[in-house]
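Participant: Here's the letter readout for the chains.
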Amino acid sequence: MLRTSPNPQLNADGALQHLLTLEGMPAEIIERILDTAVPFVSIAERDVKKVPLLRGKTVFNLFFENSTRTRTTFEIAAKRLSADVINLNVGVSSTNKGETLLDTIDNLVAMNADMFVVRHAQSGAPHLIAQHLSERQRDHIHVINAGDGRHAHPTQGLLDLFTIRHYKHEFSKLTVAVVGDVLHSRVARSLIHGLRTMGVPEVRAIGPQTLLPTAVEKLGVRVFHDMRIGLAGCDVIVMLRLQSERMKGSLLPSAGEFFKHYGLTADKLALAKPDAIVMHPGPMNRGVEIDSAVADGKHSVILPQVTFGIAVRMAVMSMLAGG
Amino acid sequence: MKIEISNGRLIDPRHGIDRKTSVFIAAGKVAAIGAAPSAWHANRVIDAGGMIVCPGLIDISARLREPGFEYKATLESEMQAAIAGGVTSLACPPDTDPPLDEPGLVEMLKHRARSLNLAHVYPIGALTAGLKGETITEMGELAEAGCIAFSHADAPLADTQVLLRAMQYAATFGYHVWLRPQDAHLSRGGVAHDGEVAMRLGLPAIPACAETIALGTIFALARVTGSRVHLARLSTHEGVACVREAKREGLGVTCDVAINHLHLCDTDIGWFDAHCHLVPPLRGVRDRDALRAGLADGTIDLLCSDHTPVDDDGKQLPFAESEPGATGLELLLPLTLKWAREDRVPLASALARVTADPARVLGVDAGQLAVGAAADICIFDPEQRWTVLPDALKSQGKNTPFLGLELQGKVRYALVGGQIVHEG
Chain R
171 MLRTSPNPQL
181 NADGALQHLL
191 TLEGMPAEII
201 ERILDTAVPF
211 VSIAERDVKK
221 VPLLRGKTVF
231 NLFFENSTRT
241 RTTFEIAAKR
251 LSADVINLNV
261 GVSSTNKGET
271 LLDTIDNLVA
281 MNADMFVVRH
291 AQSGAPHLIA
301 QHLSERQRDH
311 IHVINAGDGR
321 HAHPTQGLLD
331 LFTIRHYKHE
341 FSKLTVAVVG
351 DVLHSRVARS
361 LIHGLRTMGV
371 PEVRAIGPQT
381 LLPTAVEKLG
391 VRVFHDMRIG
401 LAGCDVIVML
411 RLQSERMKGS
421 LLPSAGEFFK
431 HYGLTADKLA
441 LAKPDAIVMH
451 PGPMNRGVEI
461 DSAVADGKHS
471 VILPQVTFGI
481 AVRMAVMSML
491 AGG
Chain Y
59 MKIEISNGRL
69 IDPRHGIDRK
79 TSVFIAAGKV
89 AAIGAAPSAW
99 HANRVIDAGG
109 MIVCPGLIDI
119 SARLREPGFE
129 YKATLESEMQ
139 AAIAGGVTSL
149 ACPPDTDPPL
159 DEPGLVEMLK
169 HRARSLNLAH
179 VYPIGALTAG
189 LKGETITEMG
199 ELAEAGCIAF
209 SHADAPLADT
219 QVLLRAMQYA
229 ATFGYHVWLR
239 PQDAHLSRGG
249 VAHDGEVAMR
259 LGLPAIPACA
269 ETIALGTIFA
279 LARVTGSRVH
289 LARLSTHEGV
299 ACVREAKREG
309 LGVTCDVAIN
319 HLHLCDTDIG
329 WFDAHCHLVP
339 PLRGVRDRDA
349 LRAGLADGTI
359 DLLCSDHTPV
369 DDDGKQLPFA
379 ESEPGATGLE
389 LLLPLTLKWA
399 REDRVPLASA
409 LARVTADPAR
419 VLGVDAGQLA
429 VGAAADICIF
439 DPEQRWTVLP
449 DALKSQGKNT
459 PFLGLELQGK
469 VRYALVGGQI
479 VHEG
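So the sequences go chain by chain: R and Y.
For the first sequence, this note's numbering assigns the number 171 to the initial residue and increments by one for each residue that follows.
For the second sequence, this note's numbering assigns the number 59 to the initial residue and increments by one for each residue that follows.
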């Protein structure tokens, strides 16, 4: 009750020390990250895709939960910044030998790490690491949350914001719908915080009661259970991934019934604005949350999201550790 | 040993005493109050000027971690914590390793506790073998060995038929059953109150109805079986309302709340503070306020520490993986005083919740200071301020959400059976 600082990811000067969550992150910092990412998009189109901003720095990708895609995008981002990248799939090594999370961190600190990119199945794991580093006076080491439990996935939220700004130019007049499994989604939480901070006037959460968390409206969203009503007039539709273990059980009767009510099809998409964009954090379940015709259709910006994701992660890394 | 405690303010809630007077102790008992007995020669005089003299505190839920969890705490360390907190009697839940489901374990615990000669220890027996919720224990044997009640601690008891039969069996012999009202299914996997904080932090949640549903079940079974039931650790305002209604109906139930839930709520979790990972979970402000009001008006009978020492390794983990619980024996008194001060509860009424009321629920002759009563006494300075720091705690568990907080009220002396066991 006393030890928790109001915003553990900012240092005493209000600058970014870690990237742990978009909750409570000032709009100016989000804007600066998005602005910094813009030139990095074009670097990827050059012959020489490298800049020396993180030369000599060592980035550890610490994945306590498997994710090839996210890990790869962080790896590419760090390498394009000229950092040395070490990938550790901790999920299959030390923790199985009984080493605790913080023991692992202490060992990597001893190897002179400059940055940890952390993916963990438990909400709050990156906060714990950041707090531990602070207690050990390791303030030169930065932590990037690459997804923790159901809590946050801030770089995904930022790349979603980048994508929305790229296509829609400004946030202040948009209606954005987030559809599907909000309950278990760190992507949804981060994006909703980001959208509200950036001044999006209407954010909608669409899904059945079983997949919307209690008190979700406290995030500043309007709740819809009928997707057809919820999509009306939307500028942006963000489809969430439904994990396969949740498709059948006490949350949902079947993937088929979910698709019927909450899958994005062309006829449902037609209820949104004519120039609406469709987003998805990937990997997609075609025919479960999104129909192939929509995923591959002209409204879809799902692949550009991936491209922008690398630029946004480069921006975050360079702002944290680039001097 | 004859001891004279002079100049103190004696508060004995059970007998409605609250006045400045002297207490005379001889042969382990209170020999006189006010005027000295004839031919009195004290071996020791304690000047309790500016201090409050009250019955030793009774904590009905303190985990001593023996047997099985000695790396978290030992009987010795936790008994030292108890007397440093002015706690002279305590009941310990059966969730040791192995659980207290065999008379031999209970006898050993009682023997070890007696040999330390500090606080009185009242073991609570396991309601089912291994706390697995399947087979009822040999309650008769366990009672003979010294168990004063039977409980399931925090282990889930999902099978209502087993619960019915355990309560029937206990009622047959007049044994007291203690139950923590929490539906086993609705609480499965949950670590935080189902509300805005858990939603924001992405923590698996336990809804308030997990408590009210369990209360409904327990009340129905209590009506059928006539079993005497104590409800351990209320956490919700709905739960307080259910208990109030059951008491109005005349159902002979009692209940308690823990110090943490009296002072904290889910927002105190902040950014995943594992010290706030507690069982039951910290709930909302409205719940906390209802618990405080319920304790003041007597709907909630008593206050306990729910002392649960956890080692650092158990807390230095992501919130949901961390071990729930908080150390509490040494915080019971100052947090009782804090509640009394903040809610303007008369001091004598507040102290009743940690002395006379738990004695009544336990059915033991303690928590009072009439002439002839055992001289289990707590003498504290109500003004002295101290900061909750690891070094300030005798308990091996340094885990508490109150770490770093300044509290008011410090135990200066504790007496058990007329012996001074703590001087601070």
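Keep in mind that a hint or two might mislead.
[To be verified] With the Cβ distance kept under 7 Å, some of the chain Y side facing chain R (calculated, not the full set):
#1 Y227
#2 F231
#3 M257
#4 F377
#5 E381
Everything labelled a hint here was simulated from the structure, so no lab data went into it.
Quantities reported herein were computed from a predicted structural model and do not represent experimental measurements.
Glycine included, each C-beta is placed from N, C-alpha and C at the ideal position.
Participant: Now, for every hint given, state plainly whether the structure supports it.
Facilitator: Comparing the hints with the structure gives:
no.	hint	in the structure
1	Y227	33 Å, violated
2	F231	40 Å, violated
3	M257	4 Å, holds
4	F377	5 Å, holds
5	E381	13 Å, violated
In the structure shown, a violation is registered for the earlier hints numbered 1, 2, 5, in ascending order.
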